[in-house]
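**Student:** Sequence:
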Amino acid sequence: MSFSATFSRRSFFGAAAAVSALALAGCAGENATSNAAAPVGGSGTLNIDFATYNPLSLVIKEKGWLEATLADKGVKVNWLQSAGSNKANEALRAGAIDVGSTAGSAALLARSNGTPIKTISIYSQPEWAALVAAKGSAVTSVAQLKGKSVAATKGTDPYFFLIQALAEAGLSSKDVTVQNLQHADGRAALENGSVDAWSGLDPIMAGAEQTGATLFYRNLNFNTYGFLNATESFLKDKPELAQIVVDAYEKARIWAAANPEETAQILADVAGLDLAVANTVILERSNLDVSGTPGEKQRAVLAKIGPTFVELGDVTDQAKVDDALAALLNDSFAQKADPATIKEA
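When the letters of the sequence shown are read in order and numbered with mature numbering (1 follows the signal peptide of the UniProt record, and there is no 0), they come out as residues -25 to -1, 1 to 320.
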């Protein structure tokens, strides 16, 4: 049964102080590793992504906090944009970025297929994926997709959202023709009639809504969390630098909770959206008021979707998924997160 789940202003403002306290409380827990390696210093570069589906990354980039904090350590910040979780995973796998933003499902898929990454922070609990029909379309239910074409970006949350929605309706990916298109191209295909439906991603999806598209199936439980991932080599070689990144994310989380309108404006500016669309994304469909510490909630969500990888042939066997899930989450950096260490630009 589909349902519409949105986040209220109250939940967004939330308990910023409580989130900070959770991140700061206690000693390092599960999968904890020592961060007492050589300090950050000398010349170097932090390669990190930003993405319109990760509002905290936009805040950090706009405010220049990492640049200000790392300037006296001789570290340059190099920002690369990720167009989707699949692109972030490609960049992590290639070593083009040290830290990248993905959906939880995409992080688990990458790890299951051998990409050596760890999730070091959670940046959101979004309702960022839904099934979308074009303005005037006769498609109003998942069951009606049988025999039709659907655009989706494989290896991302919207793709796995589609697979779960089909299964709930008694269908499978074999009952539809999946057009593997990047998110923005999926919207274009929907609007020009090349596909019958699109498994969309915000903020592109919210923009499509404004022009008349309809979200005909929504289910918050089929959306996985926003994961901030780092390569294992980066965590081993530069743990103090990784800690600074997580500290910046904690600062951004608290700032965004206190300044949702400005956060929406930043998103609108970067993504080229009307402010009203950005407000929908930030105030209604992006719960940033969650603990940044990876843990059991995320593990439980991923345990449900993991078998889908094997069923679809995206991973060869369940043992690889199980091993990946056991190794993926590293809470040691988020447990120590201290936003006070991050300098203002």
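Bear in mind the hints are in silico, worked out from the structure with no lab data behind them. These figures come from a predicted structure and were not determined experimentally. Be a bit skeptical, because a hint or two may be false.
Stated by the list, open to error - Below, computed lysine to aspartate or glutamate pairings styled on EDC-like, alpha-carbon distance capped at 20 Å:
no., residue 1, residue 2
1, Lys279, Glu259
2, Lys279, Glu143
3, Lys48, Asp212
4, Lys38, Asp297
5, Lys318, Glu37
6, Lys149, Asp289
7, Lys121, Glu143
8, Lys110, Asp160
9, Lys121, Asp150
10, Lys51, Glu319
11, Lys38, Asp212
12, Lys272, Asp244
13, Lys123, Asp160
14, Lys123, Asp150
15, Lys48, Asp249
16, Lys51, Asp244
17, Lys295, Asp313
18, Lys318, Glu215
19, Lys121, Asp244
20, Lys129, Glu286
21, Lys311, Glu286
22, Lys318, Glu42
23, Lys123, Glu166
24, Lys110, Asp249
As the list claims (entries may be wrong) - Ranges of calculated distance between the beta carbons of each label pair, as one might list FRET restraints:
no., residue 1, residue 2, range
25, Asn53, Glu207, 33 to 39 Å
26, Asp297, Thr115, 51 to 57 Å
27, Gln56, Asn196, 45 to 51 Å
28, Gly247, Lys318, 27 to 33 Å
29, Gln185, Ala113, 30 to 36 Å
30, Arg274, Ala113, 23 to 29 Å
Just so it is clear, CB atoms sit at the ideal spot from N, CA and C, and this is done for glycine as well.
**Student:** It remains to establish, for every hint, whether it holds in the given structure.
**Tutor:** How the hints compare with the structure:
With a CA separation close to 25 Å, the supplied pair Lys279 and Glu259 exceeds the 20 Å bound. Our distance criterion of 20 Å between C-alpha atoms is met by Lys279 and Glu143, whose separation comes to about 13 Å. Distance check on the hinted pair: Lys48 and Asp212 sit about 16 Å apart at the alpha-carbon level, within 20 Å; holds. Under the criterion of a C-alpha separation no larger than 20 Å, the hint pairing Lys38 with Asp297 is inconsistent with the structure, at around 39 Å.
In summary, the hint linking Lys318 to Glu37 is supported, as the alpha carbons are separated by about 13 Å, within the 20 Å threshold. In summary, the hint linking Lys149 to Asp289 is supported, as the alpha carbons are separated by about 15 Å, within the 20 Å threshold. Distance hint between Lys121 and Glu143 is fulfilled; the C-alpha atoms sit about 13 Å from each other, no more than 20 Å. With a C-alpha separation of about 17 Å, the suggested pairing of Lys110 with Asp160 holds against the 20 Å cut-off.
As the CA atoms of Lys121 and Asp150 are separated by approximately 5 Å, the hinted pair is consistent with the 20 Å bound. Simply put, Lys51 and Glu319 have alpha-carbon atoms about 16 Å apart, close enough for the 20 Å limit, and the pair holds. In summary, the hint linking Lys38 to Asp212 is not supported, as the alpha carbons are separated by about 27 Å, beyond the 20 Å threshold. In summary, the hint linking Lys272 to Asp244 is not supported, as the alpha carbons are separated by about 32 Å, beyond the 20 Å threshold.
Between Lys123 and Asp160 the CA atoms are separated by roughly 18 Å; this keeps the pair inside 20 Å, and the hint holds. For the hint linking Lys123 to Asp150, the alpha-carbon distance of about 8 Å falls within 20 Å, and the restraint holds. For the hint pairing Lys48 with Asp249, the CA-to-CA distance comes to about 38 Å; that exceeds 20 Å, so the pair is violated. The hinted pair formed by Lys51 and Asp244 fails the criterion: a straight-line CA distance of about 24 Å is larger than 20 Å.
Taking the CA atoms of Lys295 and Asp313, the gap is near 34 Å; set against the 20 Å cutoff, the hint is violated. Of the supplied pair hints, the one linking Lys318 and Glu215 holds, its CA atoms being roughly 15 Å apart against a limit of 20 Å. With a C-alpha separation of about 38 Å, the suggested pair Lys121 and Asp244 falls outside the 20 Å cut-off, and the hint is violated. Restraint check for Lys129 and Glu286: satisfied, since their Cα atoms lie roughly 14 Å apart, inside the 20 Å limit.
Between Lys311 and Glu286 the CA atoms are separated by roughly 38 Å; this puts the pair beyond 20 Å, and the hint is violated. The suggested pairing of Lys318 with Glu42 holds, with an alpha-carbon distance near 9 Å, which does not exceed 20 Å. A threshold of 20 Å between alpha carbons decides the hint, and for Lys123 with Glu166 the separation of about 15 Å falls inside it, so the pair holds. Pair hint Lys110 plus Asp249 holds up; C-alpha atoms about 19 Å apart against a cutoff of 20 Å.
Asn53 and Glu207 have their C-beta atoms about 20 Å apart, which leaves the hinted 33 to 39 Å range violated. Our hint of 51 to 57 Å for Asp297 and Thr115 is violated, since their Cβ atoms are close to 38 Å apart. Against the hinted window of 45 to 51 Å, the Cβ-Cβ separation of Gln56 and Asn196 comes to about 29 Å, which falls outside the hint. Distance hint for Gly247 and Lys318: a CB-CB separation of about 30 Å, consistent with the stated range 27 to 33 Å.
Look at Gln185 against Ala113: about 21 Å separates their beta carbons, and that is not inside 30 to 36 Å. Distance hint check: the CB atoms of Arg274 and Ala113 are about 40 Å apart, inconsistent with the given range 23 to 29 Å.
Checked against the numbered hints listed earlier, the structure breaks hints 1, 4, 11, 12, 15, 16, 17, 19, 21, 25, 26, 27, 29 and 30; every other hint is satisfied.
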